[in-house]
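Asker: Listed below, chain by chain, are the residues.
There are 2 protein chains.
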Amino acid sequence: MKTSNLLLATTRETPSDAVVISHQLMIRAGMIRPLAGGLYNWLPMGLRVLRKVEAIIREEMNRAGAQELLMPVVQPLELWEESGRDATMGSEMLRFSDRHDRAFVLGPTHEEVITDIVRKEIRSYKQLPINFYQVQTKFRDERRPRFGVMRSREFIMKDAYSFHLSQESLQETYDVMYETYNRIFSRIGFRFRAVQADTGAIGGDGSHEFHVLADSGEDNIAICSNSDYAANVELAEALAPNSARPEATQTRQKIATPNTHSIEEVSNLLQVKKKKIVKTLLVQGASKEHSVIALVLRGDHELNELKAEKHPLVASPFTMASDEQIQAAAGCSAGSIGPVGLSIPVLVDRTAAVSADFICGANEDGFHFTGANWERDAHISEVVDLRNVEAGDASACGHGKLEIHKGIEVGHIFQLGNKYSKALNATVQNENSRAQVLEMGCYGIGVTRIVAASIEQNHDDRGIIWPDAIAPFQVCIVPMQMHKSPRVAEAAQTIYAELMAKGVDVLLDDRAERPGVMFSDMDLIGIPHRIVIGERGLDNGMIEYKYRRNDAPQDVAIDEFMAFLMAQLAK
Amino acid sequence: MKTSNLLLATTRETPSDAVVISHQLMIRAGMIRPLAGGLYNWLPMGLRVLRKVEAIIREEMNRAGAQELLMPVVQPLELWEESGRDATMGSEMLRFSDRHDRAFVLGPTHEEVITDIVRKEIRSYKQLPINFYQVQTKFRDERRPRFGVMRSREFIMKDAYSFHLSQESLQETYDVMYETYNRIFSRIGFRFRAVQADTGAIGGDGSHEFHVLADSGEDNIAICSNSDYAANVELAEALAPNSARPEATQTRQKIATPNTHSIEEVSNLLQVKKKKIVKTLLVQGASKEHSVIALVLRGDHELNELKAEKHPLVASPFTMASDEQIQAAAGCSAGSIGPVGLSIPVLVDRTAAVSADFICGANEDGFHFTGANWERDAHISEVVDLRNVEAGDASACGHGKLEIHKGIEVGHIFQLGNKYSKALNATVQNENSRAQVLEMGCYGIGVTRIVAASIEQNHDDRGIIWPDAIAPFQVCIVPMQMHKSPRVAEAAQTIYAELMAKGVDVLLDDRAERPGVMFSDMDLIGIPHRIVIGERGLDNGMIEYKYRRNDAPQDVAIDEFMAFLMAQLAK
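Protein chains in written order, with the working numbering: chain Y, 1 to 571; chain G, 1 to 571.
It should be emphasised that the hints constitute simulated quantities derived from the structure, not laboratory data.
Incorrect hints may have been included.
[Claimed, not checked] Below, computed lysine-lysine pairings styled on DSSO-like, alpha-carbon distance capped at 30 Å: (1) G:K484 - Y:K126; (2) Y:K502 - Y:K571; (3) G:K126 - G:K484; (4) G:K126 - Y:K120; (5) Y:K138 - G:K120.
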């Protein structure tokens, strides 16, 4: 394509709401334009990237034996009433009435619709397992859409849904999808990790999120420096320390700590490191018998509520104890609680459990203990993993230390079990002619989000640096003074025609612009391979080549140029 | 692909609302399934066809220099307020509020959005002309969705919009789009006509509809038996008869015609053909001076209101005169009006104007004249084309006679002029640095509708007969008893693998079904080329080939088979 036939909408202006680099660069490179809050037009330059991402996804989904179909954007609300999600979806699901006052929604996802199709169309276990996917527009009425297409209201998803007679069959397809997602994200050129994820409100058993590692990510991911292990910090196991608890060396003393409530304040007052202090939190218990539970962590550690909530003694949803409950259980206010003398269950984090000679609240307002020790001074009901992992912690895989990265979720695979198939009564006849409820998996990829995530990983101060696989164009040709030099024009057209004939996605910048403008536009747009043709080069029989990631251009002899370029493209 | 990995959802049942054959066959062949009124799921078999249609459209739009972009399904209502169409769109445009109570619509079309993009992005006349297109989901809340995907509520359109500095430039792009549409519909295998169309409520100057000729069409199209000429019956010109008006031979007589009001009744009472009678209709005039106008047509002809409305004396919108007006102007009620003695303007249809010795109302209730003649008895103010053309009429192109066909509109191209660019103030700087309002064209194709329209043209009592270009599969292989005969299985797999390697879209029916079931499924689905492999054929060194449109299969020697098949596919 030639720039004369392409809307090049590069601009220096970025809207004030563009706080992440991908949002800024997508606007500046003329890929997208806002239409309204959370709604974006994809201009030709952006759509080229989006279509390449879609093509890779389709190829890999087809290779994995999934079948593409297409379900409507608009869905009848009654299906959501049938699954019970009408009540739980909240106002992110946009509801409206048609001219006959029937209730519909703009599909935020399609579990209900696909389950409705399957319960009607799949009659025999012989048709199973089956895996359907679509690439379709979704709408979620985000309260605060942000980060451009990363969290927009209208977006494109690839969503797949598989159906099975057994958990084993579901696990097989899940494993195939796991591999397929790895292939897709590798082909797109991501640095990413498959991350063990929480199954959350959607329910079900196994789940992995695929996270692109980038500083602007909204999720905290713990990854092992030495293996494939990765987990959302919410879920990553904090191993017990290798070393045993040291012997007690101090005697316990009560000291006055007036107006000192937080770990920070105690640490400052006593001039000790936070790790020498333990913090004690009282939370609601799960039973009447134990209506308040104590959680104890080292002062420098963060409570992981999800982990706490999974303990059978702790109430779900996780809820802090009230001031009255704290007074009743500990005889003080929240800032002075400690494990010494508590008569409620005391769950102690694995790391806090190996502390010795520690500082803790004295269960008396304005006082702390120093030199406290487990067993001698305070009872441990149970040692539990209660904290968030931190950088440098041993990885639960046993192979290295953890790093904490920010991640952008671009994919999610999920074993739903029979949540939807049960609610919608999706059954088939099994081998014994009995109706059997189907097992179900779902597999999502945020297609539009991928484009932004790739930019988050691939940019410099001049603009975007596309991986070859999803670049809007693989190659750009920038002729110097083409409109004044017939030699340059001819050389440019020749190379352009040759590349087009070879099926290379090439952009010829045939604008009558200054070289500086053309260079900075091509760098901003992020085309990986740049060819510069000028009078001076031609005099020397040379054409200039530059790879977007490298600073230095190189001159290549004209008659070797095409072979050289094709070798670069094949890398 | 193999049927074991494809949702074959063929069925004998058709829903009671499926009144047209394409709707029935799309359900029966497992291409679509209803989700709710006017909302359809596209199952894998249907989506394959849809994607092939989309691919052809994209190829031809790109070839024509149009640029693909993508605009959201959800649009802010304020853009429609700005264009003024908020008021005129009625309840077909589905409106709703988001969680912040801001008003949006589900885009029924995208003129406003693209004009908003262009007014912001196009800064110089040097960027013109420019032509953008998208393939996007639209929603129109039809009061009575029907005919399956032919008139559904959610559907896919290819819509393109071009912008220009001058009418001449618009005409050029319009002509290119005209040719492009002809290429697209030819490649899809349609028997179709480009039809002169009315510009209707959308406004503007030039317009063509592309109609697929099929009995289930909702439009009446007049086409010349001998040329490319085609026009919507609403617009087709009825030429004046070649012959002059015969001389009067009868004297005018008033006869009693009690309780005889319609042409039908007069014809029956007097035992004369309707063409011997003229009918006189009084309608509202455009001015106070001539508030009532008489329109006269031959009794066997139909008034074309659109033609009448275009006459400067006739009120727009076209409105019949009231009973009071008729009494005042003609002295009788509507069933007895005639042109004799009227003192209001009398517009006479070209054909009625050459009638002689005709019968007409006597402007006296219960009486008609016989033997009436123009000029001698009744005044002609002006001879005008007022009627619908009929089969057998001379074509306005001068090359043949008209046939009247039913048509399904699959495309529409339209010179909008500056209707939207003016309302939204879309201007560019012209060569003289003056802001100039843009000229605009729009070009639509009903992508989902095309699939149905193709079936309307291509089916028999066994099912669909796809044109090769959009068939879900080009070839199907039906092995006989493959699960019992290793020879058959091997031969089938070999041919399947060879065809796959050649990039042929082939379906191998590897089900353990009876041959009859497989044959009738493949015929119903409409795959053009069928290969049957069986023990008996292999014994004789033969493979059976059948073209879906032909009744007779033919045996082809195994070693010549691949060459034979490739020749069939290349036809």
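Asker: Take the hints in turn and mark each one as holding or not.
Answerer: Consistency of the hints with the structure:
no.	hint	result
1	G:K484 - Y:K126	holds, 18 Å
2	Y:K502 - Y:K571	holds, 16 Å
3	G:K126 - G:K484	violated, 70 Å
4	G:K126 - Y:K120	violated, 56 Å
5	Y:K138 - G:K120	holds, 27 Å
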